[in-house]
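S.K.: If you're matching them up, the sequences are chains A and B in order.
If you use my numbering, the first sequence closes out at 87, no skipped numbers anywhere.
If you use my numbering, the second sequence closes out at 1246, no skipped numbers anywhere.
Source of the hints: derived by calculation from the structure; they are not laboratory data.
Be aware that a few hints might be false.
As the list claims (entries may be wrong) - Keeping only pairs whose Cα atoms sit at most 20 Å apart, straight-line, the calculated EDC-like set for lysine to aspartate or glutamate is: (1) Lys79/A to Asp1237/B; (2) Lys76/A to Asp1235/B; (3) Lys1232/B to Glu1165/B; (4) Lys76/A to Glu1165/B; (5) Lys76/A to Glu26/A; (6) Lys76/A to Asp86/A; (7) Lys1232/B to Asp77/A; (8) Lys1232/B to Asp75/A; (9) Lys1232/B to Asp1159/B; (10) Lys1232/B to Asp1168/B; (11) Lys79/A to Glu26/A; (12) Lys79/A to Asp1235/B.
Stated by the list, open to error - Listed next, the stretches of chain A that the computed footprint assigns to chain B, with coverage defined by at least 3 CB atoms under 8 Å from CB atoms of chain B: (13) 54–62; (14) 65–74.
All residues carry an ideal CB built from backbone N, CA and C; glycine is no exception.
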Amino acid sequence: MTALLVLSLTLVGVAGTAVVLSRRPERQVVTYSLFGLTLGVLFLALQAPDVALSQVTVGGAVTPMMILLAIRTMDKDQKQRREREDS
Amino acid sequence: MSRRVRLVVFLIGGGAVAALLAIAFLSMPHFGRSEHLYRDLAVPAAVKHVTANVVSSVNFDQRGMDTFGEETILIASVVGTAALLRPAKEETERRVPDTGRTLGATRLVGYLMLPVSLVIGLDVVLHGHVTPGGGFQGGVVLATGLHLLYVSGSYPALDRLRPLELFDIVDGVGAATFAAVGLAGIAFAGSFLANVVSFGTFGALFSAGTVPILNVAVGMEVFAGIVAILAKFLDQDITVVKEGDQ
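The shape of chain A in the complex, shown without the other chains:
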């Protein structure tokens, strides 16, 4: 049990560091999503399956999808602005 806890805590630490160290937002989304999954594993190891389920679905899927869509919309907006300035 303790080994499992140490392992999942380490995974959370590594994944969290990876999120901080990814510079480009679109890559950060991927590491953030993985970070969410490792947190889910940690909650499961701590015998909190209800919280793990919420964490995996919200942190692993919904939030990354929102961030990705927001990044894409902002990219599109910027590109259009640049084109307008060029013409």
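Following the hints, position chain B against chain A.
M.R.: Positioned in the frame of chain A, the structure of chain B alone reads:
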């Protein structure tokens, strides 16, 4: 502010927070102890109301008021997103052609997992009072499962499958059901969200009184709410164009 000054300000602030956290953690109960005051109170209370999943009992029975507040926050964020991301004056919505630039494997997995995740979502909502899960988790599984259609490359199919007017209504009905169950508690037992439905047998689908009803209400609200929020984000990305662009 120069880089150096900023670093100094950060080190002072960060150091103070770290010290306060260390002091707080040192006087907390030790990690992994076997005695828990709250557990000793919550588990008998859950068993008394025939709720197999103690977490659900805490969320929807013992602390139902807190969950009601959380659901209100969710519905407020749905309304806020809808208000902020409505197409502005200079923007128009257009219909999108089927954009088929998805890998065959992604498509296959998407279509295979779509029915599976919808069934799992329903299962998580309906058995929330017996097994881990509940309305919130199940609702999110349902909402993300539905968006596998988008990941599989078929935005028009997703658009057809989720009539947003209907989802807005489901969202409101879910929240209203929660409030109605709470008011029924006042009417029949004298306190908001009192568990007034008969408890049934331990571990059965019909047990735990109001907990499964509230789970279904929250499931409806969360499912519809998250679909509505994601729809606004998708619209901004896919269908909304500024005039003069195209």
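S.K.: Which hints, by number, does the structure contradict?
M.R.: 4
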